[in-house]
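Starting from the given sequences, assemble the full structure and let the hints guide the process.
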Amino acid sequence: MRTTNFLNNSHNDYKVVEACALFGMMNLSGRRFGARDPVRAISSMHERSNGLGGGFAIYGLYPEHENDYAFHIMYLNMEAKEKTDKFIMQNFDVLEAEEIPVNPEANVWKPPLLWRYFLQPKKEAIKNQSHDDYVLNNVMRINTEIGGAFVFSSGKNMGIFKGVGFPEDIAEFFCLEEYEGYMWICHGRFPTNTPGWWGGAQPFSILDWTVAHNGELSSYGTNRRYLEMHGYYCTMQTDSEVMVYALDLLVRKHKLPIEVVAKIFAPPLWFEIDAMTPKERNFYVALRQCYSSLLMNGPFTIIAARTGMMIGLADRLKLRPLTAGIKDDMLYLSSEESAIRLVAPNLDKVWSPRGGEPVIGRLKTLKPQEILTT
Amino acid sequence: MKSYIEPEFIVERDNEKCIRCKVCINQCTYDTHYYDPEDDVVRSRDENCVNCHRCVVFCPTKAITIKKNPTQYTENWYWTRENIVDIKKQAESGGVILTGMGCDKPYYTYWDKILLNASQVTNPSIDPLREPMELRTYLGAKPDKLEIEMENGDVVLKTKLAPQLCVETPILFAALSYGAVNFNVHLALARAATEFGTFMNSGEGGLDPRLYKYGDHIIVQVASGRFGVGLEYLNVGAAIEIKIGQGAKPGIGGHLPGEKVTQEIARTRMIPVGTDALSPAPHHDIYSIEDLRQLIFALKEATDYTKPVAVKIAAVHNSAAIASGMVRAGADIIVLDGFRGATGAAPKVIRDNVGIPIELALASVDQRLRDEGIRNKVSIIISGGIRNSADVVKAIALGADAVYIGTAALVAIGCTLCQKCYTGKCPWGIATTDPWISKRINPDIATRRLVNLLRAWSFEIKEMMGGMGINAIESLRGNREHLRGVGLTDTELKILGIKMAGE
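Residue numbers (this note's numbering), protein chains in the order written: chain B, 2 to 375; chain L, 398 to 900.
Hint data in this document are derived by calculation from the structure and do not stem from the laboratory.
Among these hints, one or two may not hold up.
[Claimed, not checked] Quick look at which bits of chain B chain L covers, simulated, 3 or more residues with Cβ under 8 Å: (1) 153 to 159; (2) 281 to 287; (3) 291 to 302.
Glycine included, every Cβ here is placed at the ideal spot set by N, Cα and C.
If you want it as structure tokens, here you go:
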């Protein structure tokens with residue numbers, strides 16, 4: 002991913018350091034809702050971002066294309082688009098393709114060309130791979146081989162909208178008032194370097210995984226080298242990328258429940274493990290022995306999502322903020338409680354999850370096992 | 398034949414301070430000091446002095462100073478004093494020059510060209526006195542993934558892990574064989590390892606049965622001489638280490654002179670009293686990698702697959718490929734011993750010229766195992782010249798799971814690196830089996846000094862980790878992003894897998 006990496010990290014720092022505002026909102030009954038509340042909430046945490054990145058992930062976005070892969074692609078020039086179109090035609094059946102509608106009046110910095118495709122893998126090309134692996138490989142190929150083209154959203158019935166600007170400006174630019182979904186993940190970015198690169202904004206997504214991340218991983222080098230051993234190459238040099246790949250490896254490939262994954266990212270301390278019952282202790286010791294290289298050390302909060310599920314998790318020392326709230330069927334996760342209160346003043350419950358304790362919201366209509374195997 | 402060799406050191410005694418108490422005479426095992434009753438003065442035979450500082454430390458009035466002999470050969474950058482003296486020694490003896498401890502030459506020490514990171518602003522540093530800071534490490538083979546099943550809402554672990562060693566700090570005591578050192582040293586190492594939650598290594602001379610009760614904290618070694626190896630010995634330890642090579646003398650065996658083989662040592666080593674204990678250069682049942690596999694599994698069979706098996710090699714030119722083969726042969730832990738690694742006795746020419754720096758060997762082995770996707774199948778322990786806690790942190794960030802310390806542990810209990818271990822007359826009571834001199838090591842005091850060293854280094858490691866914003870040592874392992882090089886060439890940086898400072 003040399004070209005996109007250069008754009009993302011033009012100074013070739015070993016990784017991009019950033020801090021952020023996070024907000025997630027999920028209707029557990031699967032009822033879809035519009036942009037008003039999520040955009041107001043993330044905008045209220047204006048001071049936590051610096052205008053160098055904002056973004057949204059919306060789930061339940063394309064019910065009319067529920068089973069098609071929805072690609073959102075940014076192009077830096079027409080040549081990249083022509084090459085990509087050719088590549089897509091060769092490998093996918095294109096059901097629909099259109100330019101993503103935008104509002105040119107919005108206050109954003111140098112928007113690229115933005116297109117949306119609804120795709121199905123070509124049956125003759127897929128061979129014996131899973132559909133997800135096939136799509137993943139082709140996304141990686143577009144991002145690394147074509148140059149100037151970047152697939153920033155590739156899941157089903159979901160989509161990412163992101164770019165360089167404050168989150169409220171990004172919402173205006175993408176006309177998010179036109180969309181509805183049952184889950185919204187919002188991100189405002191405060192990077193310490195200065196890339197004006199739209200792909201570097203968050204949320205970061207692969208297939209239907211989305212991660213909005215606030216923090217800096219002191220364990221980045223360890224995590225990265227472990228993932229490399231498993232075929233994931235961290236070419237964007239951001240911590241969020243490590244998180245997404247780790248989630249994909251553990252949940253999709255190793256088939257671990259998300260509760261267990263949370264305990265890999267933020268395991269209990271040894272003295273806590275020592276005090277457990279022998280059965281529990283065995284399990285946690287094995288977890289820390291086997292997955293020690295995926296302990297996410299240093300400050301982080303993530304809001305991660307995939308179809309039917311939203312997860313909030315902070316590092317085990319809780320060095321980054323995370324607040325959760327519930328009102329009726331709505332689950333809120335936020336960097337600051339004030340953002341939740343702004344859109345839901347009378348919460349049924351509000352709490353600050355302890356470091357390493359995941360908050361997991363699941364659609365009531367889906368059983369957890371179904372989510373794991375989807 | 399008259400010797401042409403001049404004394405290396407000069408003993409100076411302040412006769413005004415000297416009270417003629419004769420402590421120096423009693424303490425010196427090399428017969429350097431003597432009392433002249435005619436003049437009521439203590440005098441010295443400079444040619445005997447090895448600069449061990451035993452007399453200096455124990456002189457109650459601090460009357461003794463040892464100096465390098467100021468009389469030097471005509472200055473010559475190429476023909477140093479060492480070169481000249483070695484030739485004279487060989488011209489007079491016709492033999493191989495022996496030495497002790499590790500290579501003392503000013504060759505590349507990469508530890509000193511690697512600097513550590515610390516957090517500023519974007520990432521808080523962590524104060525280990527106020528926040529948890531975890532050093533616990535498990536050594537042994539790890540599976541590729543864990544299989545988990547949900548049963549009635551309970552998580553049930555389906556994967557069975559290989560046996561592991563748990564260390565509370567990533568520092569273990571290196572192999573020091575019984576015979577090279579005496580029982581008191583072994584006892585102190587065993588007690589300190591037990592008290593701190595780490596391990597000592599028995600070395601290749603077997604294990605005195607009096608130490609069996611510390612077996613849970615002892616790694617028992619199997620070397621080419623097979624001294625003291627039996628079913629009980631293998632089963633009493635927490636792990637077994639096959640010693641193929643040693644950093645101080647890669648490619649050659651060992652020789653414990655018969656004078657050091659006392660009754661106790663003879664019994665433990667299973668050899669007659671007073672006979673030389675010779676370790677062959679290779680294991681005569683290991684002429685290739687498939688033979689190693691057989692020995693590994695013979696030992697696993699003997700211990701019913703309850704203990705990890707480590708394989709120790711000297712860091713040599715193609716360590717990475719050898720290490721990969723060792724993992725595939727079934728080793729749970731690989732030990733890399735660098736060319737600074739010490740010994741009780743080795744030919745000086747071997748010690749100073751064979752092998753490669755441990756930093757480079759470690760970096761290339763760790764990377765090779767990752768490239769082959771088998772790094773999780775093995776733990777890496779490195780040894781050979783770990784001098785302080787920063788060396789430990791740098792080693793772990795380069796990719797080690799833990800380190801062995803040998804020289805540092807001996808320095809903690811008195812060693813001053815005079816490099817005369819092979820004489821068997823160690824005035825500090827360490828590298829000797831003479832019952833009278835061995836008494837100089839008080840096991841209680843030595844244990845305390847060793848535990849203090851582990852404690853001090855562990856505190857320092859926690860401080861350095863906290864500065865980097867890391868609170869569990871596994872997040873430091875292989876984390877080369879926290880290292881930067883200074884004064885290194887591009888090739889050196891590439892092999893170490895680190896960036897230049899400022900990058």
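Review point. Are 3 or more residues of the region 153 to 159 of chain B near chain L, judged by a Cβ distance of less than 8 Å?
Key: violated (count 0)
Review point. Does the region 291 to 302 of chain B contain three or more residues whose Cβ lies closer than 8 Å to a Cβ of chain L?
Key: holds (count 8)
Review point. Do three or more residues of the region 281 to 287 of chain B come closer than 8 Å to chain L, measuring C-beta to C-beta?
Key: It holds, with 4 qualifying residues against the three required.
The structure does not agree with numbered hint 1 stated previously, though it agrees with all others.
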